[in-house]
Each structure stands twice: as C-alpha cells, then as structure tokens.
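Number of protein chains: 2
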Amino acid sequence: MTVRAAIRGAMDLPVVGMVGGGQLSRMTHQAAIALGLSLRVLADASHDSAALVASNVVVGSHTSEQDLLDFAEGCEVVTFDHEHVPGDLIRAMEERGHTVLPSSAALLHAQDKLVMRQRLRELGVPVPPFAAVSTAADLDAFATEHGWPVVLKAATGGYDGKGVWIVDSAADAATVLASGVRLLVEQKVPLLRELAAVVARSPYGQAAAWPVVETVQADGICVEVVAPAPGLSDDLAVEAQGLALRLADALGVVGVLAVELFETAEGLLVNELAMRPHNSGHWTIEGARTSQFEQHLRAVLDYPLGTTTLTAPVVVMANLLGGEGDPELDKRLHLLFAHDPALKVHLYGKEVRPGRKIGHVTALGDDLDETGARARAGAHYLRTGQWLTP
Amino acid sequence: MTVRAAIRGAMDLPVVGMVGGGQLSRMTHQAAIALGLSLRVLADASHDSAALVASNVVVGSHTSEQDLLDFAEGCEVVTFDHEHVPGDLIRAMEERGHTVLPSSAALLHAQDKLVMRQRLRELGVPVPPFAAVSTAADLDAFATEHGWPVVLKAATGGYDGKGVWIVDSAADAATVLASGVRLLVEQKVPLLRELAAVVARSPYGQAAAWPVVETVQADGICVEVVAPAPGLSDDLAVEAQGLALRLADALGVVGVLAVELFETAEGLLVNELAMRPHNSGHWTIEGARTSQFEQHLRAVLDYPLGTTTLTAPVVVMANLLGGEGDPELDKRLHLLFAHDPALKVHLYGKEVRPGRKIGHVTALGDDLDETGARARAGAHYLRTGQWLTP
Numbered sequence: 001m002t003v004r005a006a007i008r009g010a011m012d013l014p015v016v017g018m019v020g021g022g023q024l025s026r027m028t029h030q031a032a033i034a035l036g037l038s039l040r041v042l043a044d045a046s047h048d049s050a051a052l053v054a055s056n057v058v059v060g061s062h063t064s065e066q067d068l069l070d071f072a073e074g075c076e077v078v079t080f081d082h083e084h085v086p087g088d089l090i091r092a093m094e095e096r097g098h099t100v101l102p103s104s105a106a107l108l109h110a111q112d113k114l115v116m117r118q119r120l121r122e123l124g125v126p127v128p129p130f131a132a133v134s135t136a137a138d139l140d141a142f143a144t145e146h147g148w149p150v151v152l153k154a155a156t157g158g159y160d161g162k163g164v165w166i167v168d169s170a171a172d173a174a175t176v177l178a179s180g181v182r183l184l185v186e187q188k189v190p191l192l193r194e195l196a197a198v199v200a201r202s203p204y205g206q207a208a209a210w211p212v213v214e215t216v217q218a219d220g221i222c223v224e225v226v227a228p229a230p231g232l233s234d235d236l237a238v239e240a241q242g243l244a245l246r247l248a249d250a251l252g253v254v255g256v257l258a259v260e261l262f263e264t265a266e267g268l269l270v271n272e273l274a275m276r277p278h279n280s281g282h283w284t285i286e287g288a289r290t291s292q293f294e295q296h297l298r299a300v301l302d303y304p305l306g307t308t309t310l311t312a313p314v315v316v317m318a319n320l321l322g323g324e325g326d327p328e329l330d331k332r333l334h335l336l337f338a339h340d341p342a343l344k345v346h347l348y349g350k351e352v353r354p355g356r357k358i359g360h361v362t363a364l365g366d367d368l369d370e371t372g373a374r375a376r377a378g379a380h381y382l383r384t385g386q387w388l389t390p
Numbered sequence: 001m002t003v004r005a006a007i008r009g010a011m012d013l014p015v016v017g018m019v020g021g022g023q024l025s026r027m028t029h030q031a032a033i034a035l036g037l038s039l040r041v042l043a044d045a046s047h048d049s050a051a052l053v054a055s056n057v058v059v060g061s062h063t064s065e066q067d068l069l070d071f072a073e074g075c076e077v078v079t080f081d082h083e084h085v086p087g088d089l090i091r092a093m094e095e096r097g098h099t100v101l102p103s104s105a106a107l108l109h110a111q112d113k114l115v116m117r118q119r120l121r122e123l124g125v126p127v128p129p130f131a132a133v134s135t136a137a138d139l140d141a142f143a144t145e146h147g148w149p150v151v152l153k154a155a156t157g158g159y160d161g162k163g164v165w166i167v168d169s170a171a172d173a174a175t176v177l178a179s180g181v182r183l184l185v186e187q188k189v190p191l192l193r194e195l196a197a198v199v200a201r202s203p204y205g206q207a208a209a210w211p212v213v214e215t216v217q218a219d220g221i222c223v224e225v226v227a228p229a230p231g232l233s234d235d236l237a238v239e240a241q242g243l244a245l246r247l248a249d250a251l252g253v254v255g256v257l258a259v260e261l262f263e264t265a266e267g268l269l270v271n272e273l274a275m276r277p278h279n280s281g282h283w284t285i286e287g288a289r290t291s292q293f294e295q296h297l298r299a300v301l302d303y304p305l306g307t308t309t310l311t312a313p314v315v316v317m318a319n320l321l322g323g324e325g326d327p328e329l330d331k332r333l334h335l336l337f338a339h340d341p342a343l344k345v346h347l348y349g350k351e352v353r354p355g356r357k358i359g360h361v362t363a364l365g366d367d368l369d370e371t372g373a374r375a376r377a378g379a380h381y382l383r384t385g386q387w388l389t390p
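Those protein sequences? They're chains X and H, same order as listed.
Following our numbering, the numbering of the first sequence begins with 1 at its first residue and continues without gaps.
Following our numbering, the numbering of the second sequence begins with 1 at its first residue and continues without gaps.
These aren't lab readings, by the way, just hints derived from the structure by calculation.
Source: prediction; values computed, not measured.
Take these hints with a grain of salt, some might be off.
It does not matter which identical chain is meant; a pair holds if it fits inside one copy or across any two.
To be verified - Using 20 Å as the maximum straight-line C-alpha spacing, the simulated EDC-like pairs for lysine to aspartate or glutamate come out as follows:
id	residue 1	residue 2
1	K162	D235
2	K188	D366
3	K331	D302
4	K188	E145
Input sequences plus hints: build the corresponding full structure.
What follows is the structure, encoded as structure tokens:
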C-alpha cells in the first residue's frame, strides 16, 4: 500500500496514528521519534499543537466517519489524545478491521461517567455515592440521602472542570436540568486531597505502574502534580496502584490509564478515568526512566513496557496556564533559564488564552518544599512576568 | 513576512534553521519541541532522518548558495548538523544579514584540520606533531623525525574514519598523495585511550561543560561512550574541560563544541573538533539534566544554558550500526525491551546499511561493568539478532 510504505520510512517500523492534535499528541510524537517512529496525527487544524511539530499530519474532523476511516488507513494502530470521538465512529474503524487502542468498549468508560460509575460499582471499586438524574425531584431525593451541596456532572463531554457544577439546591440546577444533557449526581465527598494512579497495559496483558502522585487542582484544572505523593502510606499507595492495574485489566484498557482518586478519611474513591497520556503523568518525561508518552506507544504497539522508576527523589510539575496580555514568552524564558538552569520547560506552541494550558514546568530535586517552590515559581513567572515572593 | 509568521506558530517563539537532515537534526528537533519550537530543516531528501519527523522541512542542497539563502530567510538563526557547507556559502548567508551560529570564522576550525592544528598550536593547546604534506619527500621528512607509521589525513571532508589513512611508507601513500587532496600528516601517537570534552557556549559568553567522557572507536567509528570517563583523575578532567571551554572562547564557538582528545602517558592532546551536537554527547539525552540538543538550541538562541549534571552515576551509550541482511528491527525491539526494560533505544529512521549509524542505545546505572554490558548487549542484539555471550 502506497501510504503505508511512504509513512513507514526506511526502517519499516509501524505507523501509529493519534486522533487529536493537542499537546498530548505533540509530546507523544516527541517520544515516537526516539523509537524510530513518526506519529501520524489527525488534527483539527494545521496550527494545532502537534501539527506544528509532526511531519505526518492529516487535517480532518474527529467527528467525521470518513475522515477517521481515511486516517486509519495504513496505520498499524490508531489511538487518541482525547475522549471526544463518538463511540459509533470508533466502532466503524474497528469494523473496517483497523486496530484501535484503547478499544471502543474500553474507552466508553472514559467517555461516559455514568457508564463508568455503574461498571466500577459492579466491580466493587469504591466510588462516591452517585445516581443518574434528570429532574429536580431526582436531585432532591439524592440530596435528602446525601446532603447538599451535591456535584452535578454531564455524563459525557466534560473536561478540565467543564461539565461539572456544585449545586446547593434543585433550583440552583434548574438551567442544567432543563438543558437536556444526560446527568449524574454525586455526593460532594469531604476529601483530604486528590491523587492519581497512572499505569499502562499492553494487549499481551503486561502492565506497569508509576508511583502514585498527588494532584492539586484550582477551579477544576490541574495546576500541580507531585511525585511521589507526599506522605502517602505504603498501604494506600499499593491499594491505589493495585486498583488502577485491576481496572486496566477489567476494562480491557490498552495504553496509559490514569485513575484520578479522592483520598478521604475513609479511604480511596475513584473520581475519573482517562485512557491516554494524562496531565498527571507529564512529570514522567524527565522524572521517570520511561515517560508516559513512550509507554503509551510501547503499549499500543504491544512492545514490552519500560521501567517506571523515578530519576530523582522528588519530581514536581506545575502547569503553565495562559495569562492576560502579551506573554513575552521568549523574554521570560531567558530570565527564567537564568534564574533556574535546572528547570525543564515544555511549551505546547498553542495560542495564549487566559486559563488555557499552554505548557508545563518540571523541577527535580531532593527536597519536597524546595522542588515544589521551584516548579511553582517557574510556571508563575512564565505566566505573569512576576516572581512569587516566598 | 508570511513565512516567518507561519513558521513561528501561535506562541511567536523564534525559528531555528538547521542545515542537514541527519540524526543530529532529528534529535535537535525532538529537543526543540519541548522549547515550543519546531526546527526548520534543510534536508537533501524527504526521507532524511530529520525530514521524517519534522514539520518544517525544506528539501535542498547544502552546497547551493540559493538554497541556503532561501532556507535562511525567516530563520532567527541558522545552525548545522554537519561541517560540509562550504565556507564561502556560509559567508554568503552572513553577508545577507542572517545570523549563522557557529559563524563561518569559527566553523572553519571544524572544517579544515590543517587550519585547526595551526590555530591550536598558536594558542598553545597540545596537539600531536603534524605538518602539511603534498609530496612523498614531505612525508619522508616528517617520518624521519617522528617515525613510521604516520597518520595521513585529508584536511577537509573526512568523517567517521573516512579521509584518514595509517601509512607505513611514502609508497603506501602514493595514491592518496597523487589524488590532489590537501593533506596533513600526524605522528601516530601512542595513546592510552580517547576522551571527549563536550561544552556549549552562548553568544553572551556563558559556557557549560558536561563531564568528560571516554569514547571507544572501532575502524575509526565511535562505537561506545562512557560517562563520566572511568578512572579519569580530577586533574585531567579539569584540564580537559578547561581546554574545551578555552577553545570555545578563543575560536568564538556558539553552540555545542565537542573536543576529541587523546589521553597519552604525557598528557592530553587534541585530536578533532566538532561544532554541533556530537556522537560523544548522545548519552546526555537521558544521562544529563540538559541534553546536548537542548543546550545547542539554548546556546544559538542565546538563552541561558541548562544544568549539565548527570542523572545516574554511570551512563553508557552504544552506537547501533547497520548489520547484514534483514534487520527485523521491529521484532528485535520487542525482544530487547523484554530483555532489558530499562534500556533507552533511539532509532534514526535511516535505511539500514552495513556499518552505518542507524541508532544508539543508552544504559544508566550504578556499576560501570554492568551498565556497559547492558548497552553493548542491546546494540549488538539489535544489529545481529544474537545475544552477546558473557
């Protein structure tokens, strides 16, 4: 096949196609280069983050069956940098004989929170109390049992805090309830902090886990990840990793699986699942012997997985969110590199908009406070042009 | 300018152009991605190693003035992945107002061994005894003083052992002498081993050195690099780094400078210079906090340089050379990854030809023998499909 031969290049290694041209695709391409590969990217536009750096870019829509089928042609495997491809279109690729990993059946649990919650409950995995809701009466009934406020969530389509509402009464939720969106409600769990257990699993069934991390959110967006999670007991760490590995197996996940967890006084609860490289794993680029991006590629290609050990006692990643006004990134990079020559900066090439994830900063060190302060200071300076005062 | 705006992308960061589409360009592109950049590559062909993975590829000739001038248009800075661009063409870019780093004046010392030897002697830097030669009588006169065999070298154009001849007599050298190639002759120095001191220097004058490494050659090709150089005395390590930093400054190098050294019973001698990321620095991708590829970009963009500390006590890189027959790389990768999940493999996407550098393998560890054995075993297995017997 012409396309296949042309894409495969001189070494005749497999072609991996990734649907989505965001930063996850961009960083997966970076990892692909070392493996002798060149990611094939389906991007919405030629200025998408990954499209700016990859040679093999197809501009098309992830909601067009024809675009997806054309894209999959000649790929050894198709995978994803987001969860927004409709399940029936993924199944269309599968029915055409393409290898799609994670499969539509697995991915459904990262696309539909209601399906995920129900399945996890069946599997005996601890989740917050929840219910499907469509009326004010449903909501009142749930709150009578679990108390206000409650967390109302769109079953599909939400991310980075979008599609999640904290409501104090049914009246508060009137607009959302009237919108026709499929909804579930959850107890607003009193949590100590959020954790993430990131693992990878190959079709062969091999699996590997990175150390459990603490994730810090602000306004529903992850702003910081600390590896390993400070002060986490061995028992809880093993429980979290075991839970993620068990879920990867039970749901048939291939690739990276990120399990977002609530740590509560009563133990761990699963919050969300993502079946792709995830923000809570960006620290692995420098912080682990095998990054989540390389591991995702190894997993979907059914290569044996790489070592997940840390390269430093403490690794802290701070997200760089877009600020207001002219970012003067080039000038700020100069000053930041002068200030901290050991900081690792990742910029995604995205247009700067307030609150948008446009990069991240990773610090490695021996001391938790010092390493965290360096990462936070770096991200804050790139965003604002101001140094954090200690 | 349209080109510039299109290339710069949404973040408005600078465009770096690299002349040459080989593996150095490929790995520099990989490092550029993290910095929010996308390398602009001038490649001989669309299947060149870097052209397979970069989005911004211009196919053209590095010996065509017009191609070079067109390529440089819109680049913030032009740099190189090899030394084969004729000096007058580099000067043509400079005269057109383009920033070219390293400059033609500096790069000449990595292009012309005779100029380099003469300049280093003027600077008081220790080099092997040498002389320009063009006749059998010249050669005899040199050998009378320094003894046979001698090392005959083409002043320009050689690499990886090409353009270097060990000769036992003037008769031995008759063909080369008759070829009209500009030649120099050197004493065949009795050496203990080869070392390399790799440093980087920015236009601002900031410089940074990685630990001195030992390089192992076979048939004139580097096959293994050990960082840091085992058993090297602190005095010699400091001397080697100091010598490289002093040369970078004296020659006005901007970017990475690799100084290949002979360790002899009488001390260090400079063998060759390279002003670009170099095979003796590939280990820095995983083995140092800042890789030589990121550092080269930081240097030519005049960003402050990154930390060069090691990420493990011992780092060994083994080059992967093309073997005979069908390499079955994909299958071998599976088996190698199963055998050693901590090995880092880099494949360059190049067509496999016997003896050609097609990738490298890096092992990190605590023990010199064990780490070296792992790297060697990995490269040998990928090349031959056979495990080295201990």
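Against the structure, the hints come out as follows:
no.: 1; hint: K162 - D235; result: neither (33 Å within a copy, 60 Å between copies)
no.: 2; hint: K188 - D366; result: neither (35 Å within a copy, 48 Å between copies)
no.: 3; hint: K331 - D302; result: between (43 Å within a copy, 11 Å between copies)
no.: 4; hint: K188 - E145; result: within (12 Å within a copy, 89 Å between copies)
When the structure is compared with the earlier hints, violations turn up for hints 1 and 2 and for no others.
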